[in-house]
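Enquirer: In case you want the letters, here they are:
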Amino acid sequence: MYKLTNMKFKRCILIITMLLAIPFATTIKASSHAEGDGELNVKELIFHHLLDSYEWELPCTDAKLPLPIIVRDYQGKWHMFSSSRLSHGEEYEGFKITHEGDNSGKVVGTDAEGNEYRPLDFSITKDVSEIILATIIILILLLSLARWYKKNPNKAPRKLFGGIELLIEMVYVEVIKPILGKDAKRFAPYLLTIFFFILTINLIGMITTFPGGANLSGNIAVTLVLALLTFLVVNIFGTKHYWKDLFWPEVPMFMKFPIPIMPVIEIFGALTKPVALMIRLFANMMGGHMITLVLISLIFIFASLGTAVQSGTALFSTIFALFMGVLHLLICLIQAYVFTMLSTIFIGLAQIHGHKEEKHEK
Amino acid sequence: MELFKPELGLSFWLLILFVLLFIVAAKYVWPIIIKSVDDRADLIDKGVGYAQEAQKQLENATENAQKLLSDAHRQQMEILQEAAQMKVRIIEEARSAAAVEAKKVMDAAAQSIEQSRRAAEEQFRAEVSGFALQIAEKLVRKELSDDKKQKEIIEEMLKQIEKQN
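First to last, the sequence lines map onto chains A and B. For the first sequence, counting from 1, position 98 maps to 98 in my numbering; every step adds exactly one. Every number in my numbering is 362 more than the matching position in the second sequence, counting from 1.
Treat the hints as calculated values from the structure; they're not laboratory data. Please read all numbers here as calculations on a predicted model, not as lab measurements. Ideal Cβ placement from N, Cα and C applies to all residues, glycine included.
As a list, the in silico PhoX-like pairs of lysine-lysine whose alpha-carbon atoms are at most 25 Å apart:
1) B:397 / A:159
2) B:397 / A:182
3) A:256 / A:240
4) B:367 / A:273
5) B:397 / A:151
6) A:155 / A:177
7) B:397 / A:177
So the derived list for chain A, only partly shown, Cβ under 7 Å to chain B, looks like this:
8) 122
9) 154
10) 221
All chains, full assembly: derive it from the sequences and hints.
Expert: Encoded structure:
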């Protein structure tokens, strides 16, 4: 049994390593095409991988999967067309993908005076497609798990469902229940959904090629929305006592009147919580992706120094990237867990009741 | 830095999709799963409780059986002891009854012997007195006349003899 798992594990690592290499090969080929002189632009390459794009690279070829672009021009008219119409710098209906300035890599339009402007962009980009994919995966897994539970009451699931249940128990029984107590059932759906969503997008981000390949949780827009949702849940469901503590805490009078020192500190604290959530997830996931990219890029940077140096670097980089990759796999789970745990704690802190009530409960 | 600039379109789609996912999951998934997990945990807790109770009951039953067994042993001993005592008593009783009976028989025998002895004495006395009278008559006839006073003397003397006997 142990031997089997060990072999499976080894095979998994091998597959991950190989998958890591494929998109690099294609991209490097692609970027050298673009540069023309064979010079490798590492910065562009890394950012190309970290950022969103309007197309989805397919593995093993130069072909890209076109995705729909949905934009609203300066006159308030909506345009929807395939991203293949904008590839290789082409212009379509007054829109093109620019490679210069602040909007580099984004769709820009040209208005009547000939000035470039950024339209309202609701395109289904690579990241959005990835979110759709993640949502579908989560829904399929969870709905089938729920159906399994309905069919087999009072039974413990095995294999895949057993694994999912393990995660549910890890979050619900170990985190949500002890922290929220009697409010656990009320907030569990949100917290469990956010846990599985983050975990899934983290893990999909680990797949380096086609069905994955997007740096989703390392995108600040994604973590911003997730942190904002937690912020909204915390404050919308916060108790009266929480609001009173926020604006009129129980401290000596001189600390809140005439200069509201404590309220300012409290409100600042309430605002920093979601910001911390946002930056923690973003930095961890982006850092994981970046370190792999940098390590693999090292091989090509040192290529100019000769075969021996390149071989050495290749060996070192691959081993180290593999190590970091496995570590990052762990971080995928840990960050999803930490985000959920901190959200739970923040919700729990906003669920405080008066001291009298607390004493009464005890 | 583009890296730190949140994209409006992506945020919008993420919000839509996440809220959609949340609504579906909150309606069709989590209540069922949480209920199942909680129910199963309760069931397992209950099962453990039942097992512990059963164990306790089993121990109690064993104890009870032990108690019953020892009680039975004691009773048996008591009965045996009682039986032994009864045996001794019965033998004793029989013996005393036999003694009483034997005494009765002996007494009766002694009485009848006495009776027959007395009867024999009476007879003997009567005979002896008869003989004596006859002898005296013959003697007196021969030597004395029919004197009343002398007859009285003889009678008295005979009575004295009788008394002595």
